[in-house]
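Engineer: In case you want the letters, here they are:
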Amino acid sequence: MELKEKLVSSFMAFENMVDIDSPIHDIRTEAIKNFETEGFPSKRQEAWKYTSLNSVLKHDYSVFPKHEKALEYSDVKRYFIHEIDTYKIVFIDGKYSSHLSQTTHDGIDVCLMSAALSKPKYRLIIENYFNKIAPKDGLSSLNTAFSAEGAYIHIPKNKLVTKPIQIVHFSTGNEAALMVQPRNLVVVDENSHVQIIERHQSLTDNPVLTNSVTEIFANKRAIVDYYKIQNDRESASLIDNTFINQKQESIAKVHTFSFGGKLTRNNLNFYQNGERLDSTMKGITIIGNKQHVDHNTLVHHIEPNCESHQDYKGIFNDSATGVFNGKVIVEKDAQKTNAFQANNNILISDKASINTKPQLEIFADDVKCSHGCTIGQLDESAMFYLRSRGIPEKEARALLMFAFSNNVLGSVKIPEIKSRITKIIASKLGVNIGFDL
Amino acid sequence: MLKINNLHASVEDKAILKGINLDVKPGEVHAIMGPNGSGKSTLASVIAGKEEYEVEEGEILLEGENIDELGPEERAHKGVFLSFQYPVEIPGVSVTNFMKTAINETRKAKGLEDMPANEMLKMIREKSEMLEIDRKFLSRSLNEGFSGGEKKRNEIFQMAMLEPRLAILDETDSGLDIDALRIVANGVNKLKSKDNAVIVITHYQRLLDYIVPDYVHVLHDGKIVKSGSAALAHELEAKGYDWIKEEVNA
Chain Y
1 MELKEKLVSS FMAFENMVDI DSPIHDIRTE AIKNFETEGF PSKRQEAWKY
51 TSLNSVLKHD YSVFPKHEKA LEYSDVKRYF IHEIDTYKIV FIDGKYSSHL
101 SQTTHDGIDV CLMSAALSKP KYRLIIENYF NKIAPKDGLS SLNTAFSAEG
151 AYIHIPKNKL VTKPIQIVHF STGNEAALMV QPRNLVVVDE NSHVQIIERH
201 QSLTDNPVLT NSVTEIFANK RAIVDYYKIQ NDRESASLID NTFINQKQES
251 IAKVHTFSFG GKLTRNNLNF YQNGERLDST MKGITIIGNK QHVDHNTLVH
301 HIEPNCESHQ DYKGIFNDSA TGVFNGKVIV EKDAQKTNAF QANNNILISD
351 KASINTKPQL EIFADDVKCS HGCTIGQLDE SAMFYLRSRG IPEKEARALL
401 MFAFSNNVLG SVKIPEIKSR ITKIIASKLG VNIGFDL
Chain P
1 MLKINNLHAS VEDKAILKGI NLDVKPGEVH AIMGPNGSGK STLASVIAGK
51 EEYEVEEGEI LLEGENIDEL GPEERAHKGV FLSFQYPVEI PGVSVTNFMK
101 TAINETRKAK GLEDMPANEM LKMIREKSEM LEIDRKFLSR SLNEGFSGGE
151 KKRNEIFQMA MLEPRLAILD ETDSGLDIDA LRIVANGVNK LKSKDNAVIV
201 ITHYQRLLDY IVPDYVHVLH DGKIVKSGSA ALAHELEAKG YDWIKEEVNA
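Protein sequences appear in the order of chains Y and P. With the first letter of the first sequence counted as 1, position 53 gets the number 53 in full-length UniProt numbering; the numbers rise by one all the way through. With the first letter of the second sequence counted as 1, position 129 gets the number 129 in full-length UniProt numbering; the numbers rise by one all the way through.
I should point out that these hints are in silico values taken from the structure, not numbers from a laboratory. Hints should not be assumed to be uniformly reliable.
[Unchecked claim] Distance condition first, Cα-Cα at most 30 Å in a straight line; then the derived DSS-like pairs of lysine-lysine:
(1) 220/Y x 327/Y
(2) 108/P x 428/Y
(3) 58/Y x 357/Y
(4) 428/Y x 110/P
(5) 136/P x 413/Y
(6) 226/P x 192/P
(7) 108/P x 423/Y
(8) 78/P x 394/Y
(9) 122/P x 418/Y
(10) 25/P x 110/P
(11) 394/Y x 190/P
(12) 262/Y x 423/Y
(13) 25/P x 226/P
(14) 122/P x 423/Y
(15) 108/P x 418/Y
(16) 418/Y x 245/P
(17) 108/P x 394/Y
(18) 423/Y x 136/P
(19) 194/P x 423/Y
(20) 66/Y x 33/Y
(21) 245/P x 14/P
(22) 220/Y x 157/Y
(23) 122/P x 136/P
(24) 122/P x 394/Y
(25) 428/Y x 418/Y
The following block holds chain Y by itself, in its conformation from the complex:
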């Protein structure tokens, strides 16, 4: 059976399994109808022109993992930013692991989506925020239809949450092939500040497909720092759909570090519903073999005096392929918008490729918008210069590539993340030099 049919026909069983009286029952039912109509995206759609899901959809995924397999923290510690104290919301094969998690209800709510969906005290937040900004395309609808588990984070106003929150999904290989659909909701109220780290990690080479939806609401003057560490095995694929709604004077930053996975698609949308706010998205992509990473971004400038900054660096080796599709819409009322977009790429191998496409739709007349895309190779004269100083070819190459992606790390506020990413980059580039640059 095709995956689409399998999913549609599983929906009834799913609804019976979860709480049928759930406040989002109607939303789910509508969503599955949407998915039935829309299906999975195909290359005929403009936004999917360079990314085909065919090779990912062909597996016979189990969509309801049978039971949780226990994991010991010591075995998976290295996948956490373990050097610092953090809240943790951890899932194993799509199921919540209380053993590995550290949640809280002490002034803030860092807990499970399933709890938020079932307990009356969360009802108002769910009603006000759940599925309010996720679009109605096939993949988001599919996730909405099956949304039951994920992270629920609500920071009431005037809270500075000093401990970062880690959302980690493990897949254990318990199933021959596994599809998971995490659903996260993050609501940050006035003047509050939160830092979130998200990671998906497969522990075996069994195929895994994750179709995740995260809705983030940054209310007035809220600050949200979101870090996505994508360094999974090359048997795992990830479709990450993240939607951010910002109110006035809020600051939302998303850093996406893409090093692993077979196919990774990041749909990242910012909606600016307030004045004087700032949206930032930055990314480093370093991939090889036949890996594929597609960044599909949208910034919707709706109100005046707002800023957006995009800076994505990509390094592609072997037969790796990359896509950057960055859309910036500036509405008529969004005067004095300052929108900046850059996508710079290095192709190391003749077989690697990148398709980069900036799209600016500007309807206001007093704005500053800039964009630039570059695709190049490593500078041979720089290579000779470094080598003539005794730095071997491989290290020289790595140093130049690190220097190329370095400025994206400048805005990472948690030093432990910075040093972790630096280490991943060094190992990805196959060198053992400290890039404490």
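With chain Y fixed as given, assemble chain P onto it according to the hints.
Structural biologist: Frame of chain Y; chain P shown alone:
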């Protein structure tokens, strides 16, 4: 130390060096002069191991070993240093960390441990003071936005840090004002010893007032057509290069 026998080299099938012979012994300073396009910079790059140059004939011996097959980094590990005529800008890599990487990779190649951080810092302080380099300058990205003079001074700073056995200064004087020239020349002179050697490549005699050569060679059309003492440099300064060309063509 360095012996070059009948060296022919070309780039993209265009012959540039057409039979160079040169013998540099420890403790010596050799100046290579010559008009534009005579092959001076090519000679420097070929000795340092730039791969786009093809050695067609002859050999370069360093301490008696043929280095033709060695990459630029291996030559550097054996003590060859080239001060670039046009140092390359490398955004994102600071001068200090570049030096750390270069020194530790060189030590690694020799089977040594990394240089301890405090030793490294002390060395950086000493050498930068010697070349009157502002400390702030060291945390800037390598050569990015440096003036011509700053780039050249930074080259000599790297030379001081790496302590090469054979230093080749390719047009180090170009772009330097008189004060910077003096500082750079002083730096080079302080680094000179009976164990190392310097090849100064220059178009003008100016630098040779400060770094006094033991031998002066004139390069013309890919060959050394005349060699002499420091006096030859003065003669070239006074008379230009045309008389040499006439002598060769006669």
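Engineer: Holds or violated: residue 108/P with residue 418/Y, Cα cutoff 30 Å?
Structural biologist: 26 Å, holds
Engineer: Taking 30 Å as the top limit, are the C-alpha atoms of residue 418/Y and residue 245/P close enough?
Structural biologist: Since the Cα atoms of residue 418/Y and residue 245/P sit roughly 61 Å apart, the hinted pair is violated (cutoff 30 Å).
Engineer: Please work out if residue 262/Y and residue 423/Y have their alpha carbons no farther apart than 30 Å.
Structural biologist: 21 Å, holds
Engineer: Hey, residue 108/P versus residue 428/Y, does the alpha-carbon distance stay inside 30 Å?
Structural biologist: 21 Å, holds
Engineer: Just to be careful, I want the Cα atoms of residue 108/P and residue 423/Y compared with a cutoff of 30 Å; is the pair within it?
Structural biologist: Measuring from Cα to Cα gives roughly 20 Å; hence the hint holds.
Engineer: Keeping to a limit of 30 Å between CA atoms, is the pair of residue 66/Y and residue 33/Y held or broken?
Structural biologist: Status holds; Cα separation ~26 Å.
Engineer: Does residue 327/Y sit within 30 Å of residue 220/Y, going by the straight-line distance between their CA atoms?
Structural biologist: 25 Å, holds
Engineer: Taking only the CA atoms, is the gap from residue 122/P to residue 136/P under or equal to 30 Å?
Structural biologist: Satisfied, since the Cα-Cα distance of roughly 16 Å is no more than 30 Å.
Engineer: Straight-line Cα separation of residue 108/P and residue 394/Y no greater than 30 Å?
Structural biologist: Given pair residue 108/P, residue 394/Y holds - Cα atoms ~14 Å apart, limit 30 Å.
Engineer: With the threshold set at 30 Å, check whether the alpha-carbon distance from residue 226/P to residue 192/P stays at or below it.
Structural biologist: Distance of about 25 Å is within 30 Å: holds.
Engineer: Is the straight-line distance between the alpha-carbon of residue 428/Y and that of residue 110/P 30 Å or less?
Structural biologist: Holds: residue 428/Y and residue 110/P sit about 26 Å apart, inside 30 Å.
Engineer: Decide if the proposed pair is consistent with the structure: residue 428/Y and residue 418/Y, CA atoms, cutoff 30 Å inclusive.
Structural biologist: 15 Å, holds
Checked against the numbered hints listed earlier, the structure breaks hints 11, 16 and 19; every other hint is satisfied.
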